[in-house]
Each structure stands twice: as C-alpha cells, then as structure tokens.
Amino acid sequence: GDSVTQMEGPVTLSEEAFLTINCTYTATGYPSLFWYVQYPGEGLQLLLKATKADDKGSNKGFEATYRKETTSFHLEKGSVQVSDSAVYFCALIKDQAGTALIFGKGTTLSVSS
Amino acid sequence: GAVVSQHPSWVICKSGTSVKIECRSLDFQATTMFWYRQFPKQSLMLMATSNEGSKATYEQGVEKDKFLINHASLTLSTLTVTSAHPEDSSFYICSATLSSYEQYFGPGTRLTVT
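Residue numbers (my numbering), protein chains in the order written: chain X, 2 to 114; chain F, 6 to 119.
FYI, nobody ran anything at the bench for these hints, they're computed from the structure. Please note that a few of the clues may not be correct.
Said to hold, decoys possible - Only some residues are given here: those of chain X computed to face chain F with a beta carbon under 10 Å:
{"id": "1", "residue": "A28"}
{"id": "2", "residue": "T29"}
{"id": "3", "residue": "G30"}
{"id": "4", "residue": "G44"}
{"id": "5", "residue": "R68"}
{"id": "6", "residue": "I94"}
{"id": "7", "residue": "A101"}
Said to hold, decoys possible - Under the rule of at most 30 Å between Cα atoms (straight-line distance), these lysine-lysine pairs were calculated in the DSSO-like manner:
{"id": "8", "chain 1": "X", "residue 1": "K57", "chain 2": "X", "residue 2": "K69"}
{"id": "9", "chain 1": "F", "residue 1": "K60", "chain 2": "X", "residue 2": "K106"}
{"id": "10", "chain 1": "F", "residue 1": "K46", "chain 2": "X", "residue 2": "K69"}
Stated by the list, open to error - Looking from chain F toward chain X, a few residues come up when the C-beta cut is under 8 Å (computed):
{"id": "11", "residue": "L49"}
{"id": "12", "residue": "T54"}
{"id": "13", "residue": "S94"}
{"id": "14", "residue": "I98"}
{"id": "15", "residue": "G111"}
{"id": "16", "residue": "G113"}
The model shown is predicted, which means the values in this text are computed figures rather than measured ones. A virtual CB, placed ideally from N, CA and C, is assigned to each residue, including glycine.
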C-alpha cells in the first residue's frame, strides 16, 4: 500500500544551521506531497505542498522539491531558528478529492541558540 | 485561514465510561472530516472518514462500535469513545477538508482513561 518514510529523529541543530529532513514515498499514480508542522501544544499546520513532479513548495524559508525519479520530497531550510523547533510530518494524498492523508512518522527538530 | 476546533482539548475518564469529542469547522463548511489517532512519537493513523449525512467509513482494525462517529452537519463531527479502556488513551485529531487537497487540522484532544 501507499506509505511515507521519514528519517528518524530527533534532529538537533544550532541556530543558523542548515536543515535537511529526508522523506521518501511509495504510491501508485501521482500523489500530491505535503509537509506539515506541529508546534508544541498545537495542531498540525500545512507548511508547504507540491502537486506534481518537479514542483517546488516553499514557505517560511523551507523548501521541498517533488522528485518523481527518486520518489522523494526532502525538506530543507538554509538557516534554522529556535522558533522552528517542532515536529515535521511528510504526507501524501492520492489525486482524489476527499481522500485522507497518509503520514510519515514525524521528525522532531530541536534548535538551540 | 480556515479554522478547526476540537472540544475538549483534554479529558480524563474512568474505565468503562464513554467520552464524546467534538470537531467543528468554524468558518467553512466541510463535507468530509477525518479522525486520526496519534500515539506518542508515532505518526497519525487514520481511524475513519466522516461524510456529512452518511455513515462513517472506518479503517481496517478500527472498531466501529467502539468509536462512534456522527457527522450531523457540515460544520460538526463527533467521535464517541464508548466503554473506554486504558488502551484507548491517546491523542485524537480531526481534520476537515475545504477543497480537494486542503485539509485543516484541529488542535487535538488528549484522552486519558484511568
């Protein structure tokens, strides 16, 4: 079945360090890909998305490119801040309205000053 | 942006009792809502898909008689955990769809069964 695999965490970085969180997926067809972020004590928020191959999603300095050839959607940020500390979830949805998201296990990011 | 609320945010109940969790889309109408369960340090696992005016569709392994879902209006879905047991303790999250690929998540409900 369809699935999403994320790198194991936690990821611990110093402020202004470069961030990469790896995400690969397995799916039939042409899924849309998402990164969600969950700050402590809050619900999930959409961070960015890409709906077709080679699309790049970006938001708040984060970027991810939909790579169909490697079935990947790695999240990157050039310079992390303490406020980026959160749990990040990679997810996919099939190209079908009203379909639930399939999530990876989440990666906890901790940024220290 | 679209806002989804959940109530309560945290509940403790005794084993054998039932607990109702509400999920509301505050500023939009959602024909479809989803209920997820999140275990500590694990991903969100889909429990069921709830469509307004029809019976919920449960994922394999989810007991429909234990986790009752009602989607009575375009802005409200409820999850009732019946005869709760300690193993039902978890973080329950709902989401509501605004359009084909847009899902908005509630803040979650922490259920503790003693």
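Exercise. Which of the listed hints are not met by the structure?
Worked result: 1, 2, 3, 5 and 13
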